[in-house]
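Mind docking chain B on chain A? Use the hints.
Listed below are the residues making up each chain.
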Amino acid sequence: MTRPARLVWLGLLFHFKHLSRNAFAVTATTIWPLVYASLAYFMFQAGSEPEALLVASLGAAVMGIWSITTVEAADSIQRQRSLGVLELLVAAPTPFWTVLLPITIASSAIGIYSVVSTLLWGRLLFGIPLELEQPLLFALAIPPTIVSIGLLGFVMSSVIVRFRAGWAVGNMFEYPVWLVTGLLIPVALLPAWVEPISWVLAPTWGMRALSEAAFARGSPLEDIAMCLLLSAIYTLVGATLLGRFLESARRRATLSLT
Amino acid sequence: MNVVEAVDLRRTYRITTGTIRRRSRDVEAVRGVSFSIREGELFGLLGPNGAGKTTTIKMLNTLLIPTSGSAHVLGFDVVRDARRVREKVGYVFGGDRGLYERLSALDNLRYFAELYAVEPRRQRVRIDELLGLVGLEGRERERVESYSRGMRQRLHIARGLLHDPPVLFLDEPTIGVDPVGARELRALIASLAKAGKTVLLTTHYMFEADSLCDRIAVIAKGEIVAQGTPQQLKARVEQSGVVEVEVFGIDQESIGRIEALADVLAVTVEEQEQEQLLIVQTAPGAELTHVILAQLQGVAVGRVAFREPTLEDAYVQLVTA
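These protein sequence lines map, in sequence, to chains A and B.
According to this note's numbering, the first sequence is numbered sequentially starting from 1.
According to this note's numbering, the second sequence is numbered sequentially starting from 1001.
Treat the hints as calculated values from the structure; they're not laboratory data.
All residues carry an ideal CB built from backbone N, CA and C; glycine is no exception.
One or more hints might be untrue.
[Claimed, not checked] Example chain A residues on the side facing chain B (calculated, C-beta under 7 Å, incomplete):
id : residue
1  : PHE14
2  : ARG21
3  : ARG81
4  : GLU87
5  : LEU88
6  : ALA92
7  : GLN134
8  : LEU137
One chain only, chain A, in its complex shape (with noise of 0.2 Å):
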């Protein structure tokens, strides 16, 4: 394994146990789908089609991991901050980008709370049925959408390290996002100047990978390569923003500022 790919790795094991611990942030990514996926449920309960229900159920799922990751990893810079170790961070010997990257995956990575709570729920209360007709892929596709998805986080967190009321700016997006990416309701039914916009946002294609594999509508693959697309993307955009703004920073002394 490489160093920056052990570093990234090890970094996210060790954010993801830190954020474990934190309950306010578990218990808001188990809990809020919940709100949403029954919010779903009523909605879509006119239809009475069971895949109407599990796709409205497999929204609230990604929109859960979308709000952590608005929430989470936008803060993120700032709970580092707080921690008082962004500065212990920056000082590290190792480009920056390969510790804001885990830290920002690990926020999104809880979502994978809220993809089982939002599963369960809707089995559990509404009676939605649990059938996948490509559990493997359905398996296969998490791991991209998650990590996509955390990256959009990390590009949104380089901002925060020069400007620190951009957590604010980022919560914003959470519920256009919603919108936006098919979650709530399907893109074809929205203004078609919309559509070009989804196919940036990595929700969109996590969210169609997902469908795809529990539906069979088609191969969840293209949908898996566009998540890992838009990763690599994400990474380069994130990387050279964050060292433009860290050097920004540095030079304006707001590393320390909480």
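Below, chain B alone, put in the same frame as chain A:
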């Protein structure tokens, strides 16, 4: 050989005030600081709060880019060769923060060992060595949130030593630690210097600088006002005298009158249990005891003493000048 060299370092901050009508102004936190630290030396940067100690150390460890001037650590420029400087420096600061509290000391040390490129095969051995050095063996699996301030500070030092850096920057490492814990930390710092580390220590405790440092630079209002060995700094005030007066409820007006006296170099008031201790430094040869007492009309006076100046008096004189 000079391990650390700072030449005319300056750092300006932009301060913004107001909510709706925001106004900005520049504040010079560090104003032309120059010093050098030799290999294996324990060098103290001594100054009151807000003097510019932390800003100086943050420029040296690459966290802040100097507004002007230059600094090198082991020959590497702190701006151009930031990564090489970071490899050579261990950075430890005082206080509660700087650790992942919900995780154990072992988790924290393992993570930072990765960040500081400690070879995976060496990590376990190195962490065990350091836990032994800082006296935390047997407690490493406990969550940091259960640690006392002194234990956290020792863990900080272990973290700063993970990559066995030749240079250590210690920014007020004993702040807020109880006397026994602080004494243990000072012994640990002394042992590090004895082991050949080059140490830059910032502190506002005179006795700490006196007991630990080979040389001291006194910094006040962003400028170095004196530099030398503790003995050389004491010698600056050797000829002067110190009058100590125990007073009960002294007011600012009386202090002002004493400060205005000719041959008075510095005045400080220390709060004690029931009373205050008025400490007046006087110019060489001046006998001011009666004049000082005459300014204290209406103030209850207890013990009066005349004594030789200490390093603390030298420091007070330098930073209040």
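Given hint ARG81 (chain A) near chain B, where the shortest CB pair must fall under 7 Å: 10 Å, violated
Does GLU87 (chain A) hold up as a contact with chain B if the rule is Cβ-Cβ below 7 Å? Constraint on GLU87 (chain A) satisfied, holds at 5 Å.
Does the interface hint hold: is LEU88 (chain A) within less than 7 Å of chain B, judged Cβ to Cβ? 6 Å, holds
Restraint outcome when GLN134 (chain A) is required to lie within 7 Å of chain B by C-beta distance: 37 Å, violated
Hold the hint about PHE14 (chain A) up to the distance rule: shortest CB distance to chain B must be less than 7 Å. 5 Å, holds
Against chain B, is ALA92 (chain A) within 7 Å by beta-carbon distance? Holds - the Cβ of ALA92 (chain A) comes within 7 Å of chain B, reaching about 4 Å at its closest.
Under 7 Å is the threshold here; is the Cβ of ARG21 (chain A) close enough to any Cβ of chain B for the hint to stand? 4 Å, holds
Is the interface hint satisfied for LEU137 (chain A)? The criterion is a beta-carbon contact with chain B at less than 7 Å. 33 Å, violated
Hint compliance for this structure: hints 3, 7, 8 are broken, all remaining hints hold.
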